[in-house]
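Student: For the protein sequence lines, the chains are Z and B, in the order given.
Under our numbering, think of the first position of the first sequence as 17, with each following residue one higher.
Under our numbering, think of the first position of the second sequence as 17, with each following residue one higher.
Accuracy of the hints is not assured; some may be wrong.
One copy or any two copies: either way a pair holds, since identical chains are not told apart in the list.
Unchecked claim - No more than 27 Å apart at the CA atoms, straight line, and that leaves these computed lysine-lysine pairs for BS3-like:
| no. | residue 1 | residue 2 |
| --- | --- | --- |
| 1 | 122 | 175 |
| 2 | 63 | 76 |
| 3 | 175 | 76 |
| 4 | 76 | 122 |
| 5 | 63 | 122 |
In short, the hints are calculated from the structure, not lab data.
There are 2 protein chains.
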Amino acid sequence: MSNAAIDFYLDFVSPYAYLASLRIDEMAARHDRDVAWRPIMLGAVFKVVGTEPIVNYPLKGPYAERDLARSARQLGIEIRLPEGFPHATLAAARGFYWLTDADPGKAKPFARAFFATYFQEGRNATPAEDTAKVAASVGVDEAAFLDAVQDVAIKDRLKAETSAAMDRGVFGAPFMFVDGEPFWGSDRLDQVERWIETGGW
Amino acid sequence: MSNAAIDFYLDFVSPYAYLASLRIDEMAARHDRDVAWRPIMLGAVFKVVGTEPIVNYPLKGPYAERDLARSARQLGIEIRLPEGFPHATLAAARGFYWLTDADPGKAKPFARAFFATYFQEGRNATPAEDTAKVAASVGVDEAAFLDAVQDVAIKDRLKAETSAAMDRGVFGAPFMFVDGEPFWGSDRLDQVERWIETGGW
């Protein structure tokens with residue numbers, strides 16, 4: 017049996033990615049798997065696919081908010097969309113990749129803290145200065161974080177990850193790969209677990 | 017506790033509606049509920065919402081075919097998309113509504129037979145003459161069926177059902193309402209059942 021990591025593609029603005037983030041590492045750990053979190057720029061992906069954020073569509077948008085709240089309550093949490101949702105989450109995505117190299121132990125704690133700020137507090141922490149404060153709350157140097165998210169190499173890293181994701185077929189978030197098999201949506205996590213348990217069907 | 021019927025909106029061209037159709041009546045029966053099948057014209061709905069059939073989108077289309085096959089295999093079946101998929105399924109939708117009045121006991125058997133022809137045999141039975149033959153296979157008079165699907169009142173009924181569905185927020189298929197609560201997608205059937213069991217959360 018493979019023990020390869022699960023690739024977990026996300027955008028910090030995706031509430032369904034947030035829901036998946038609350039369960040995926042624990043699920044993977046039950047099967048001795050790691051989870052590689054991979055932020056991407058969903059806006060750039062949507063341009064290629066020809067889609068829009070779900071909240072922009074008539075009928076579909078209002079349903080999505082209801083489905084989201086209901087799916088969150090099923091997990092025992094309340095979800096709050098910050099005023100002006102959706103925002104661009106470049107600083108969070110770039111900062112995450114910087115941390116994976118500079119201080120890997122803080123990457124996921126930062127990511128979880130950002131998700132919690134955005135979707136539990138319902139606070140728009142997407143401006144770089146606010147994102148840096150979220151990083152500081154998990155022990156990251158605020159000034160170094162602010163420098164990093166303006167670093168050309170880090171900016172390029174995020175672009176490259178987004179492009180590579182699309183090369184693999186990623187068109188939304190959350191998007192997971194398990195042993196090469198693609199799964200889209202937080203509502204596919206049970207299938208992901210079953211795929212791991214059975215080796216596929 | 018309510019025993020109101022579950023409204024089940026579908027288009028006979030939707031493979032996910034087909035998957036839901038294989039489970040929804042049995043699930044509902046476990047909870048003493050009926051299921052009211054309500055065909056709609058998804059093409060007309062998509063125009064209003066600004067979306068397209070999922071197979072038309074780059075990246076999303078190929079994934080959908082894979083996800084569909086995988087979800088079908090999980091239910092123990094193989095699914096086949098007829099050559100030229102997706103087709104307009106007007107005759108099937110109109111014929112269904114005609115049967116609900118003319119010979120209600122044959123409406124769901126016809127619907128199931130049509131789904132099976134289209135997605136199990138993988139045969140495009142959408143031309144009215146072919147749809148009528150499917151109806152004949154469950155004991156419906158073929159000539160009467162062909163007349164009915166050209167009847168203005170029946171055509172108007174399908175338009176009215178589609179319009180009423182959108183008024184309730186329907187933007188895709190399958191789409192279910194349980195005691196007023198909307199659920200989109202065959203992957204929400206477990207939530208639908210839990211909603212019935214718990215009265216909502």
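Student: State for each hint whether it applies.
Tutor: Status of the hints after comparison with the structure:
no.: 1; hint: 122 to 175; in the structure: within (22 Å within a copy, 56 Å between copies)
no.: 2; hint: 63 to 76; in the structure: both (19 Å within a copy, 13 Å between copies)
no.: 3; hint: 175 to 76; in the structure: between (29 Å within a copy, 20 Å between copies)
no.: 4; hint: 76 to 122; in the structure: neither (36 Å within a copy, 33 Å between copies)
no.: 5; hint: 63 to 122; in the structure: neither (31 Å within a copy, 46 Å between copies)
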